[in-house]
Amino acid sequence: METVKMIYADNAATTKMSRRAIEAMLPYMADNFANPSSLHSAGQRAKDALEASRETIADCIGASPKEIYFTSGGSEADNQALLSAAAIGAKKGKKHIISTAFEHHAVIHTLEKLEKQGFEVELLDVHSHGNISAEQVAAAIREDTCLVSIMYANNEIGSVLPIADIGRVCRERGVIFHTDAVQAAGHLKINVAEEKIDMLSLSAHKFHGPKGIGVLYCRRGIPLTNLIEGGAQERGKRAGTENLPAIAGMAAALSDACDNLEKNAAKVSALRDRLIVGLSKIPHSALNGDPVNRLPGNVSFCFEGIEGESLLLLLDEVGIEASSGSACTSGSLDPSHVLLAIGRPHEVAHGSLRLSLSEENTDEDVDVMLREIPRVIEYLRGMSPLWQDKLVGKKEFVL
Amino acid sequence: MALYSEKVMDHFKNPRNVGVIENADGVGEVGNAKCGDIMRIYLKIDNGIITDVKFETFGCGSAIASSSMATEMIKGKPVSEALKLSNKAVAEALDGLPAYKMHCSVLAEEAIKSAVKDYYDKNGIAYDPCELSCGETCCPHCNG
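The listed protein sequences derive, respectively, from chains A and B.
Mapped onto our numbering, the consecutive letters of the first sequence carry residue numbers 463 to 861.
Mapped onto our numbering, the consecutive letters of the second sequence carry residue numbers 10 to 153.
Among the hints, a few may not be true.
Said to hold, decoys possible - Straight-line alpha carbon distances no greater than 20 angstroms define the calculated SDA-like cross-link-like pairs of lysine to any residue that follow:
#1 B:K22 to A:S785
#2 B:K43 to A:E858
#3 A:K575 to A:L586
#4 A:K658 to A:A626
#5 B:K22 to A:M468
#6 A:K725 to A:D735
#7 A:K856 to B:A33
#8 A:K856 to B:K22
#9 A:K651 to A:D521
In short, the hints are calculated from the structure, not lab data.
Work out the full structure: start from the sequences and follow the hints.
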């Protein structure tokens, strides 16, 4: 069978681990396997490595090492942040939470759980350009607001939110501000102190680190609620023997990403912009998300008259690995809540495509994508009764 | 395990009977854009025999594969036999569909029945409505 060289354009789903991250992990799986809680010297060496990783990560985001808690990933960090802030609020009788309509499910579903416990959740409108303003947050804050949770950058449509402005508003009003920075960490410059962020979630596998490991940054003085009870790891806030190989891999990956942040962002955003310009030429298509404040690697489009899953399967055949917010790819009947939140009608949201790039992508990859994607879309439109009806004027074009 | 069987992928990548029949004897369309799948089937019928069939589909891989397989299964067959084609038979011929994709095979069954109904209506042929309803297997979300 002929093998096609694959172009990986699904880096928002996960990234390939870097050599440096893999090499940073190996010693803690082989010779230095000891438990950081053990008193013997091997254990203490493991403890030193754990704390060195914590320092590296704290440095990368402008935090103090004591504010870094290792978790199993972004979802756990989101859950713990939200439940902790809610518990603090509940003690003071404050049960109003502000978030947005296009958060990750780790946030959305935790908020739904809190609603069932009597919290009032207000989701800010993200408008057609897929962004919000600090003024919207300021206008929504009430006396009984206990938490503002707003993502740093959106995973599907790539919008980067005005986090520093939102942080300032929240600090002035004395409301805890959490941000899900899973898509931003390692790709955008983050400084929790300058941006007045109280809690932040990140996940290693989005920046060439290992899967199953992440961080909850929690500003000193804000008490965390435990999700997992047990030993005294992570200052008693997250039990379980630390996954030292993954933690060391994450620290290496994040420090690498932060050292090369500007260089990578320049390269990746140039590829992104070529794709956006090229795909915009496809008739009845539209870019999703903020066209200006945008993740370096995110390209998200809706194409009228086609369905996303068939597009992905055919792109896979020609060597392009991408993703879609179509219902058929989610296993549910509804397309992505993010695309619906920016006002895309269902029929258009079904025809979405997300290409998420990394610094490993090349100009040649973009050439191939710009050649194949329009061809596949034209083929699918050719057999689409919806498209045919629009062409002859029986149905109206939406885009 | 792959998402789809080899047969589904074959019919998806190389769909049979794609296209339009001008002046078709019966045309049926089911599904809607909101749900993300629309299937349209065209029939050419001579003396009660389906001499040609074409389809157009907006939808996922299994919707396209189900359309392709269903059209192949009724081509050259008497109308009466086409009406007996069940969604399960389409799915089985494709070596199975994932549970949450079974509604694609239901759409194929419904689209054929809808095209035959159109043929009956155009030609003033009396029919038993029960024969043309898809009964309990009807797709629950696409008929809204």
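Here is how each hint holds up against the structure:
no. : hint             : in the structure
1   : B:K22 to A:S785  : holds, 18 angstroms
2   : B:K43 to A:E858  : holds, 14 angstroms
3   : A:K575 to A:L586 : holds, 18 angstroms
4   : A:K658 to A:A626 : holds, 7 angstroms
5   : B:K22 to A:M468  : holds, 18 angstroms
6   : A:K725 to A:D735 : holds, 16 angstroms
7   : A:K856 to B:A33  : holds, 18 angstroms
8   : A:K856 to B:K22  : violated, 28 angstroms
9   : A:K651 to A:D521 : holds, 12 angstroms
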